[in-house]
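Build out the structure end to end from the sequences listed, making use of the hints.
Number of protein chains: 4
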Amino acid sequence: MAHSFKGVIPILATPFNDDESLDLASWQKMIAFMVDSKVDGITILGVLGESNRLSDHERETLIKSAVATVGKKIPVIVGTSHTGSAAAAYLSTMAENLGADAVMVTPAKEPVPNDERIVEYYRRISEKTSLPIVLQDHPASTEVHMSAPLILRIVKEVASVACIKAEAVPTPPKIRALRAGLSRPVSILSGLGALYAPFDLEAGSDGFNTGFAFPEVLRALVDAANAKDFDRVHALYARFAALIVFEQQPGLAIRKEILKQRGLIASNRVRHPGATITAPVAAEVAALISRTLPGIDVTRAFVP
Amino acid sequence: MAHSFKGVIPILATPFNDDESLDLASWQKMIAFMVDSKVDGITILGVLGESNRLSDHERETLIKSAVATVGKKIPVIVGTSHTGSAAAAYLSTMAENLGADAVMVTPAKEPVPNDERIVEYYRRISEKTSLPIVLQDHPASTEVHMSAPLILRIVKEVASVACIKAEAVPTPPKIRALRAGLSRPVSILSGLGALYAPFDLEAGSDGFNTGFAFPEVLRALVDAANAKDFDRVHALYARFAALIVFEQQPGLAIRKEILKQRGLIASNRVRHPGATITAPVAAEVAALISRTLPGIDVTRAFVP
Amino acid sequence: MAHSFKGVIPILATPFNDDESLDLASWQKMIAFMVDSKVDGITILGVLGESNRLSDHERETLIKSAVATVGKKIPVIVGTSHTGSAAAAYLSTMAENLGADAVMVTPAKEPVPNDERIVEYYRRISEKTSLPIVLQDHPASTEVHMSAPLILRIVKEVASVACIKAEAVPTPPKIRALRAGLSRPVSILSGLGALYAPFDLEAGSDGFNTGFAFPEVLRALVDAANAKDFDRVHALYARFAALIVFEQQPGLAIRKEILKQRGLIASNRVRHPGATITAPVAAEVAALISRTLPGIDVTRAFVP
Amino acid sequence: MAHSFKGVIPILATPFNDDESLDLASWQKMIAFMVDSKVDGITILGVLGESNRLSDHERETLIKSAVATVGKKIPVIVGTSHTGSAAAAYLSTMAENLGADAVMVTPAKEPVPNDERIVEYYRRISEKTSLPIVLQDHPASTEVHMSAPLILRIVKEVASVACIKAEAVPTPPKIRALRAGLSRPVSILSGLGALYAPFDLEAGSDGFNTGFAFPEVLRALVDAANAKDFDRVHALYARFAALIVFEQQPGLAIRKEILKQRGLIASNRVRHPGATITAPVAAEVAALISRTLPGIDVTRAFVP
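Protein chains in written order, with my numbering: chain B, 50 to 353; chain Y, 50 to 353; chain Z, 50 to 353; chain C, 50 to 353.
Hints may be right or wrong, so weigh each one.
Cross-link-like lysine to any residue pairs, in silico, SDA-like; alpha carbons within 25 Å at most [said to hold, decoys possible]:
| no. | chain 1 | residue 1 | chain 2 | residue 2 |
| --- | --- | --- | --- | --- |
| 1 | Z | K158 | B | Q297 |
| 2 | C | K158 | Y | S104 |
| 3 | C | K113 | C | S86 |
| 4 | Z | K158 | Z | G120 |
| 5 | C | K177 | Y | A197 |
| 6 | B | K277 | Y | R288 |
| 7 | B | K277 | B | H52 |
It should be emphasised that the hints constitute simulated quantities derived from the structure, not laboratory data.
Next comes the structure, spelled out in structure tokens:
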């Protein structure tokens, strides 16, 4: 069954206990919440999932648990980026064998940038797994710059690329360039914590693939955009902008704190040497949620 | 006369004609608009001022013209950052001789980071000019990371540092750390296009030193914060968030386009190799301004 | 039994077959050659070992095979650097359980540099494994700058740090600063392909921990330095300088080609997207070896 | 009169007094020494010339003085790189008006790399000055990566590019690729302190454009290469390798110290925040020179 990779596909944090061990109970709880929230898929083991601080064995455990919890109701996308194509292919094969529905892959940085190698990189991964590939374009974390023509070339030459996660700022002109140049139907999703939500949607984004902890808001934004109701898109954005801006600040601690305040994970612990949140910032988060959603119990899904 | 460096101190773009030569008529027009808007000062020759693409002779011309246009009504702060302390001191002395009221200085990046050299850097500049110094902490452009203790040490050891421009993300905890540790009254201003306005003001920022092209909005935000009316701060932020987010996208083209649509500069030209705006993005800017300020003539100062 | 971590401890390349799978036969052959060459230890899974392109399972295979081949004749040091301290501790524990004698660890880069976290990083790893730690100071690959005082503090606070691999240029003054400040006996080894060999040895380096493919030359350099015969150090360096300079060029392809020409590995394959050598450069390598060691069969250990 | 830009064209340091002011007496002495040494040109205001720490006025003073001292005996090349093309063109025009014979230009780094803009950059400079352009390819200082095809395209489209300074490691394959692809006679010179001298000459380099403080050695290397006597190239390299390696360490202090010991400049001062040499390193320099050139008075030109 082909997936569309459109709509709302949250990027999930990886919950840890206070001793930094995996918290699988929270993992399953958070995933169940997402499934119940009618999202269109979930992505695990991305940057927000602290995938760069996990062992391969932990990745295996998390994939298995996620696939079992989701029960095929929605696609499970697994981040399998690695500094080498052999290891990225290995992680992708592992994801496939464990029942994942797609993989998300960033290019690997090399000392001398080389477009040809980036194309090869995606081709090699596609040769080892039959899963569709979400191509993530996020220079802020990868330090790899892919021009729109290069991405379009990869889409043309690597048939299993099924979605582009467009996170190279400024995003709107790049989304337009990709949209105009695509040789076959490939979805384009927005990330960056939905910071550029209205502009990305106006430019032709098909939805969100990001870690903003209120998928209900992303859903409402996508529904409004699909209905061409951009007044509503902007009204929603104005209402939630402070929360969106606050959450997308560097570091994962704030996002994990919000998930904790939503009751989805037990601890806000970020793996060392990443910074865990301080009490004043946690209080700030609580105040901001109250101000944005007065009287709403955020431990349950709500309708914005 | 001592200046407080609080409130609203816009960072000015440098207007160019379409052939990239200086457009002094627009320069004076924009500065006159700012003075009329009752801002608390102006900062010229910063990053937004494309100072890194100017010759020393052009800097001289721009400083002279700005000082003459302002006529001592408000302080004129001049960016004098340079990769060496001798040249930064030279530019600072030039600014002083031409009648500027303060200089804004970032630290210079060295291959091996060295806190001691950063302290010396500010000390050396302070020894060559009697002007107060605005210390700009903006790792995104400088690639220099100054810890809060280092900045506090500079404030302690270099008496002419009179203001900190706090642009190291996440800004709120850093503003709090600086505020808590300051050994003498030094103002703290926010930059980054006012992206973190409500959180920075809550954390103790004294105002804005940034290029957001609507100083009226910054003024309203500061007035509300000074009145401890944070409901109004948040309401203002919600109303203008899309504009703030859109404007602070990387590159200067959008900012210059907004200034052009406000009638303050004649051309949106950015000096090569910086990118100048495309027609679709200019249309997007116009639509966003209309949506945010329906029925308002933005070529005049307005009350938000 | 305590190891001294002095003398000649080669960093080993990881041999791959042409399809990029592990070549364990070459692995064992190369390790046996090193043991026969009377080196003082071997380090596996470092940068030259392409550790960043291996899966955890492959690491396990390589460690097991190396430990078995060495048979406790010399210490086996395992690179276990990772972007997170939990995973670095996991890899270190794996190495310990598989019979390794020490681990080599670089600090992890964080968006905002933080000395405290670097100390914690080493402390956490030391708490999970009883193995001695080789602290690798190599900003060219890590983008982390550790000052001499910071390294000395780590040595003071983390008792299991037993060796410093000094690869922060310029190396001689840093080696002198470390040597002068050490509070307990900790060895200092040189890397960087022995490029700075005479100066590092004059500054107090205890030997080499690097991938230069002629450990015989490193041995002769160390023996001469231990005998205070710096005329011989310089004469050896002059004789082999072209080879040393050629080999330390960026990329691993040249090093693997030399190992191949020495008969130690079957293929010069570097894992994608790293570049494999071209025929003209391979010919250049052969010519340079002939010129440097005329009439010598480099497939056997020789006496320089 | 057309210049060939081949042979030995030293990059000159800028001498400062101990208070960091320009030392024009040393400047003229050093330049006279170079002219007397029969070099094929000099390049001023490059990275080694600390051009990034000079004011435009100081640049003017230095160019004037150099042109007068040289008296048209050899070409004077002036570094005019800048972060913007308008200012680079301004500095190039200044150089032309003051009597320089060529300019040396690096590309400017932009947040999103863009080959088209790099071509435009060179074209724009070429439109403002009639001087020939030395295109410097040195990613270590510029953080700009130009592929061989891009450089070849610039050579094709910008007629005044007359020389390529090839400093992108590994240099030999790039020199070969450029040599093979050049559509018209353009010289290729080596830099990087002559570290890769034998390999660059074997690959087709036309000589040296670098700051190694012994132009006599560079001359001997070039003469030997021109005579196809690569045994002599390698013998010379072996003899001077330690000096070459020592000198090319990061930072300019060592180079200035060697120039001082040669009697060419009065002070080894590097402009702040660059590091000036320490006494132990200065002693090391003296010892290394004595060891390499026993009994030779290096304050005079010598024959290697």
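For each hint, the structure was consulted:
no.	hint	verdict
1	K158(Z) to Q297(B)	20 Å, holds
2	K158(C) to S104(Y)	18 Å, holds
3	K113(C) to S86(C)	21 Å, holds
4	K158(Z) to G120(Z)	35 Å, violated
5	K177(C) to A197(Y)	46 Å, violated
6	K277(B) to R288(Y)	21 Å, holds
7	K277(B) to H52(B)	23 Å, holds
This entry does not satisfy hints 4, 5, going by the numbered hints stated previously.
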